[in-house]
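Student: Since the structure of chain V is provided, determine the placement of chain A on it from the hints.
2 protein chains.
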Amino acid sequence: MREYTITFLPEKKSISVDKGIDLLTAAIQSGIHIYNSCGGEGVCGRCKVIVKKGEYITERSGRISEKERKKGYVMACRTTPESDLTVLVPEESRLGDIEVLTEEAKARRLTGLYTPAEEVAEERSALKENIFKHGPLSTKLFLELPKPSIDDNCGDIERLFREIRKDRNIPVMQMGLANLKKLPRLLRESDWRVTATLGNRNGTTEVVLIEPGDRSGKNFGIALDIGTTTIVAYLVDLMSQKVLAAKASYNPQVDFGEDVISRIIYAQEQGGLEKLHHAVIDTINVFIYSLAKERGLTLDDITAVMCAGNTTMTHLLLKIDPSNIRKDPYIPAVNFLPVVRAAEAGIKINPRGLLACLPSVGSYVGGDITAGILASGMDDSDELSLFIDLGTNGEVAIGNKEYFMVCSTSAGPCFEGGGLKAGIRAMKGAIQAISIQNGKLIVDTIGKEAPKGICGSGIIDALSTFLKHKIIDRSGKLKENNICRIRDFEGVKEVVLVEKKDSATGRDIAIDENDIKNLIHSKGAIYAGIDVLLKESGYKKEDLKNVFIAGGLGTALNIRSAINIGLLPDLPEDIFKFIGNTSIAGAKLCLLSHEAMEKAMLIANKTIYMDLSAKASFMNNYSAALFLPHTDIELFPSVKALIGDLSVRG
Amino acid sequence: MREYTITFLPEKKSISVDKGIDLLTAAIQSGIHIYNSCGGEGVCGRCKVIVKKGEYITERSGRISEKERKKGYVMACRTTPESDLTVLVPEESRLGDIEVLTEEAKARRLTGLYTPAEEVAEERSALKENIFKHGPLSTKLFLELPKPSIDDNCGDIERLFREIRKDRNIPVMQMGLANLKKLPRLLRESDWRVTATLGNRNGTTEVVLIEPGDRSGKNFGIALDIGTTTIVAYLVDLMSQKVLAAKASYNPQVDFGEDVISRIIYAQEQGGLEKLHHAVIDTINVFIYSLAKERGLTLDDITAVMCAGNTTMTHLLLKIDPSNIRKDPYIPAVNFLPVVRAAEAGIKINPRGLLACLPSVGSYVGGDITAGILASGMDDSDELSLFIDLGTNGEVAIGNKEYFMVCSTSAGPCFEGGGLKAGIRAMKGAIQAISIQNGKLIVDTIGKEAPKGICGSGIIDALSTFLKHKIIDRSGKLKENNICRIRDFEGVKEVVLVEKKDSATGRDIAIDENDIKNLIHSKGAIYAGIDVLLKESGYKKEDLKNVFIAGGLGTALNIRSAINIGLLPDLPEDIFKFIGNTSIAGAKLCLLSHEAMEKAMLIANKTIYMDLSAKASFMNNYSAALFLPHTDIELFPSVKALIGDLSVRG
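As given, the protein sequences belong to chains V and A, one line each in that order. Each residue of the first sequence is one higher than the one before, starting from 742 at the first, in our numbering. Each residue of the second sequence is one higher than the one before, starting from 742 at the first, in our numbering.
Same shape as in the complex, but just chain V (with noise of 0.2 angstroms):
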């Protein structure tokens, strides 16, 4: 078979490919990451490149205007080389450094993005001391064993269970025969001074580990969060319970596919388990190595990891099979994971330290909910409290602590940038804010960077702001108005926010009516979900005493925005806690102790998954719910009040 060679720009970067092989799979194997939310089928239009030099052959779509035909733009999934090809990969269309924002977020104290709800976890902590009695994942313990006698000559390791015992209500006790096999010299080398590891698994304690002297004081762990789209490990000191350093990046298996249905997909092609398994265990082994490195450890310091993430993503980490996932009546292998030997999942810390992961409530909630769930708090509490994690599930929580409903509201990934024309993810240079002054649109984007998109944040605060001034109507129409140019661009009503002389892609950034309609059908299935979950448990909004939001959609959401255009229920502002990242923060908790994965285990054992699809009620809320910011605007009193009693066609 003949080979092409393709050079991608501005990296210059080659890759020798055979006849036929797409241009979206070249640049993955080039290390490119494009963005491909249909996993290469297609469909999404995400992955446009722009062809410099070379003959191709491609399919036509609807994604790519007239106008970018003829400049060179292609979809990459859908294009394959006819010679040596040039091909640009536009700022828009790439997975951008996610780095970033660890790094703003470690100069703030390993704060940032994720400080509020490691507040709420670090408060529950302190409030509830209790919450670290049975101590972390694993544990070292420092041991002067007796030395036998022939008055005290049991075998060595009843002696060091004796001793692990003492003070301890340990019933079940094992170790494995590698230990076994090396207990009697170490413990005679070090004068009978060593120091055990133990670890929490399946309800036993096990040695995970026996070494000589004290080394009482040195043990690590990592809380790891992963998501769909970004991977997050934070090193943890298990003994001052500090977060030492975190890393953060795209989760490479978006290469397979964006969402998880996709990769699911992907998954039961050949091999494709095993890549997209090995996709987020290098990463995680990357993470681990230069944590490690960074704070000057070795890996054999680490001894535990516990991970957070959605279903899927749980069932990829240890390369089991998800595919049932998708398909009728959407059945897991497993929701509560077993704890096994981090080696035999691949990820490279102490070759006997343990991995646990949080579990989950069903297909279709995870064990990220699990952990945001558990890291507010909201278990432990009387008052009925909402959970939203505004991702693109969009799932929804409520309860106290006798009971949980939760749904998943399939809200798209408007959210996190996705499904939008200039949308990008929260990232440096991302629009967060959108204000009007002096008659002027003023953007504010993350980093104080000039713009490359919008991000969650970003679109909510600017429909709130156009609905405030009358750009929109509430069925999300553009209007003309006095402030900002709205413009026809191929048949699609846009308003520009930031001219192309001013953004750092060199494209105009816009916001058009598919944008908006987009997130009137997030916001109003999350809104819908929010109500179902109410009626359901019988009660009002008013019942509720805690809203906590969750989600990566940016530093900050502004609650009066989100309520402005309905997507939260009109309730007094101070009920509202944004606390971004939940997902690690419970990972953290259930790493630093048993009694939060004992906590965790209760809320997804007790947890009930309302199924929206089967509910008519969903619906029919759902379709009330496509306005700005309701049909019914008596449900939104103060936003009423803002924006005067316009009619829904007003």
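For the record, the hints were derived by calculation from the structure and aren't laboratory data. Don't take every hint at face value.
Given that identical chains are not distinguished, each listed pair holds provided it fits within a single copy or across any two copies.
Stated by the list, open to error - Once the Cα atoms are required to be at most 20 angstroms apart in a straight line, the calculated PhoX-like pairs of lysine-lysine come out as:
hint : residue 1 : residue 2
1    : K789      : K1286
2    : K923      : K1016
3    : K793      : K811
4    : K1242     : K1347
5    : K1347     : K1068
6    : K1068     : K922
7    : K888      : K1068
8    : K1189     : K1347
9    : K959      : K1181
Fair warning: this is a prediction, and the values are worked out from it, not measured in the lab.
Tutor: Only chain A this time, still in chain V's reference frame:
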């Protein structure tokens, strides 16, 4: 280095060896098993061979008589070739093939040597129907899982666990990653009808295996008795609880030393532990393979192995360093061995099958004794019982359901035919009984074959007969008499039992005064041990309601003879029960019943080990017992009635 060829007769097996290699090593490498009690240290003199042709260098030794030397006798371990050699390995230096015993046992409905212990064990399980309550080490359950639906949508593993837990109280259940990965496909392809194999593993229940369809009818286990000298394996149907077939052979570790101490020393040599481990594992694997083949099973059908052995044997089985067992204060690495996967120890059954060992009490009271106490049933009785294992270590245990006290008397190898001039193990052709008929010595051999030597029960019977007929006095000195010829052989008096013309070896079979002295020392140690245990626990011998005698002395031990020589206390004969190999009987019980295993643990836990070396009373009792039957004949009224009140120097 020059190579020589050694040819062993009568097999005519040849082997090339380097100069400097001794004949014992050469024989072992050729697969010829030669006695070497001392492990090739030139001490025991058991490895005599006859060089028929060739030049050699040998050490002079008092173990070879002048006559023997002239005939070409040398100690194999102290002899190296200087040319090609032809070497005859005489019958009496060979470790005989113990297989015959098992064949005999099989012919008698798998009873034979092992009947009595089996019967006790079966009686026990019949009496106490509860003993099988918890099921065998591994149990197969056929499950028809309810198919998942939207309303019953728990995960695959949770569905499996839920079904297993129905009507069963299993608090902690585990399943490894390997099985979990196979689960989703397996459940669906088998239409939710599967067989789960559950294993009792260290206080938890493990789902060891999942198979499609109903395979619950086929589940097999192996019970193992790993003795210092002999290895016995039973193939057990875990459903019907029947023994289907058995194998036995010498423990090939005897090539590296006959007793546990020489093997522990050997284990410390370079590669020694490895060799000892493989010697036993290879034998076990051959047994299992041929047992399975014989009954038309695959190795996958065998899911569990339960092993009873002394503490050193179980260390070597699991390749755990045993060196501290022989160093003051004599500490084993482990008494309560963890249940591991059989494959971890190199045992070839179902790759996920389990291996468990009966717990030891301490360094010199192993799982074989725990098994013996369990199989005898004395731990369930209010009555005071005594348990005596007439092996090299000569363990004695006293107790009832409230307590146990056990000691190890270091009785020596006499009862197994060791340390005697013409001693052999209980095998075909071994003299097992001696009587005087019409003024003549009559010998009875196992299998009614031409006599090869004398085994444990034979030497006990011989001494009793000699005493009764005044062929020996009470101190064990041979006396002129009318029945048999006493002769002087190189300064030691001996009595010829079988003339060379009638023996299978072509040599006279005789008992000399050294043999008698050895036996008196052995029986004295056992008796003194019994005495100390009685006194320490505040009982008299009349309080004993049962005396269980275990060991491989022969097919039958004459209790009357054992009382006559003062090995056993003078009590009514009907309280004694010779129950043969209790080690394999206990292993079988624990394989079949988790409750039995729990009882074994309780026994090991509550048994007090009495170190006789620290007891002055033992040495006094021992000295007093070095006469026939005892210095104080008033302790043996029935013997006094039989032989008259001969003075000690009678």
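Student: Could you run down the list of hints and mark each one as holding or not?
Tutor: Taking the hints in turn, this is what the structure says about them:
1. For the homomeric pair K789 and K1286, neither the shortest alpha-carbon distance inside one copy (46 angstroms) nor that between copies (93 angstroms) is at most 20 angstroms.
2. Proximity of K923 to K1016 under the C-alpha cut-off of 20 angstroms is restricted to the inter-copy arrangement: shortest distance 18 angstroms between copies versus 37 angstroms within a copy.
3. Taking the shortest alpha-carbon separations for K793 and K811, only the intra-copy value of 11 angstroms comes in at or below 20 angstroms, while the best inter-copy value is 102 angstroms.
4. Taking the shortest alpha-carbon separations for K1242 and K1347, neither the intra-copy value of 55 angstroms nor the inter-copy value of 87 angstroms comes in at or below 20 angstroms.
5. Taking the closest pair of Cα atoms, K1347 and K1068 never come within 20 angstroms of each other, the shortest separation being 24 angstroms inside a single copy and 56 angstroms across copies.
6. Proximity of K1068 and K922 under a CA criterion of 20 angstroms is satisfied inter-copy only: 18 angstroms between copies versus 47 angstroms inside one chain copy.
7. Taking the shortest Cα distances, K888 and K1068 sit within 20 angstroms of each other only across copies (14 angstroms), while inside one copy they are farther apart (60 angstroms).
8. Taking the closest pair of Cα atoms, K1189 and K1347 never come within 20 angstroms of each other, the shortest separation being 44 angstroms inside a single copy and 74 angstroms across copies.
9. Taking the shortest Cα distances, K959 and K1181 never come within 20 angstroms of each other, neither inside one copy (57 angstroms) nor across copies (81 angstroms).
The structure shown violates the earlier hints numbered 1, 4, 5, 8, 9.
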